[in-house]
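**Q** Residue strings, one per chain:
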Amino acid sequence: MLQHTRYMLPSLKLFLSILVLFISTSLSSQSGWTKNKGEFFGKLDFSRLSTDKYYSPNGTALITNVFNQNSLNLYAEYGLDPRWTVLVNAPIWRQNSFETTHKVNGIGDVRIELKYKLIKNNNYPVSISIGPELPTGRANAFAQSKTVAQERINLPTGDGEFNVWTTLAASKSLGKGYVSVFGAYNFRTTYKGLAFEDLYQIGGEIGVNPIKPLWINVKIRGQWATGESKHPELGFVRGDGTTYTLISSEAFYRFNKQWGASFTYLSGNDWLAPFKNIYIASFFSIGLTHEFQRKLTTKA
Amino acid sequence: MKQLSFLSTMFFSVLLTIGVLSCSKDTEVLVDTAAPQGSFSATRSGNIIEQNATGSKGAVQIGKDSKGVDFLKFGSDFTTVLATGTVSVYMSTSSTFKADPGKGNPDLKLVGFVKSNGEMYIKLASSVESKFTHLILWCGSANVPFGNAELK
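Each protein sequence line maps, in turn, to chains V and E. The letter at position 103 of the first sequence is residue 103 when you use this note's numbering, and the numbering goes up by one with no holes. The letter at position 146 of the second sequence is residue 1146 when you use this note's numbering, and the numbering goes up by one with no holes.
Rather than coming from a laboratory, the hints here were simulated on the basis of the structure. Treat the numbers as computed from the prediction; the structure is a model and nothing was measured. All residues carry an ideal CB built from backbone N, CA and C; glycine is no exception. There may be inaccurate statements among the hints.
[Said to hold, decoys possible] Computed from the model, here is a short list of chain E residues facing chain V with C-beta under 8 angstroms:
{"#": "1", "residue": "L1082"}
{"#": "2", "residue": "S1088"}
{"#": "3", "residue": "S1127"}
{"#": "4", "residue": "S1130"}
{"#": "5", "residue": "A1142"}
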């Protein structure tokens, strides 16, 4: 049986919905597998998004000044016992700017997730996870124009609200590969008394292991909103009512038992959900991974 | 005699203080030169048409106050998205933002910045030439229009 849990790498943040920023980077919780007790997987990755393609909250395509976002993301999973795994997704650095503005920096919103394996069979596991996302990012970060002193634009590194992701996922081993499907619901709250629309996602993933140290996967997911944004100040800046379809392909290579590297290509289309309120472009990310199995003592 | 001198001094001191305070009160009258003096008379007006789901709307007018100073007025129903940062206000020869910095932007005239929703006046340096038929709400950082209004 394949130990897929070792290879469920987190996907990177693809989009920025002027912020964007608010789309979860992690797809790791979107499989049925959990970590074994004492097993750790961590990843530090870097990505750079640069695009002038923006879709407004009503889906109109626009060409804007070029928007740039650099991200450094820390992701970790740790097995508490055979059924429980804790996951942390921490955007430890975000740098946002337009080509016409100076840069703003900050951390993003940290998500801490607890995952429980409902069906223990490792050939077709099913899990559920609850992931509160804390408003640790900068809810307002104004970037000054380079040309007009009085002009500035808000490019926050967090959405300023507390929200909770709930994910149900199932997986199946297929010889030297696997398949996973998931559904997720993001219960969003408010920012300064203004209520966000909730979001939900469905998606799937296929992975293969052509040679021992190499895993390759392709993923797709769509995101929809429960309604259109009722507050333009949320929709335009804080990712309210953002919808999209994301596809990605990732190669993960293990140098040894502890260290590895990943290379991910991400892009979007309208196969599942159309683009609304989002900056989008195809881009790459690179990551360094570390994993280990903590030695556990057993009582005599 | 000393007592009389002391009382005289006190009396004049009180008078002087009252006089100074009275003068101070006169000079404390503040004139908000950014707001129209007297009544505002509109010469052209229009309504903002929303662009790019920004919720922009409301009445706009250009005109003069009682002293002949030119102003742009946003009505009490004016709203746009201010969470994005600065929204610039341009006069334009059309509803489309046509920047041409190489020729000095002949089709555009930056007149101010929106700082709040609701009624607001922007003092204009001079009368708006008749060729400027539209007002444009513009996000300069992203290069995106938030709305425009034809002024008739």
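**Q** Evaluate each hint against the coordinates.
**A** Okay, the hints, checked on the actual structure:
Interface restraint check for L1082 of chain E: the shortest CB-CB distance to chain V comes to about 7 angstroms, inside 8 angstroms, so the restraint holds. Because the beta carbon of S1088 of chain E sits about 6 angstroms from the nearest beta carbon in chain V, less than 8 angstroms, this interface hint is met. The interface hint given for S1127 of chain E is broken, as the beta carbon of that residue sits about 23 angstroms from the closest beta carbon of chain V, more than 8 angstroms. The interface hint given for S1130 of chain E is violated, since its Cβ lies 26 angstroms from the closest Cβ of chain V, which is over the 8 angstroms cut-off.
Annotation: A1142 of chain E was flagged as interfacial toward chain V, and the flag holds, the nearest CB pair being 5 angstroms apart, inside 8 angstroms.
Checked against the numbered hints given earlier, the structure breaks hints 3 and 4 and satisfies all the rest.
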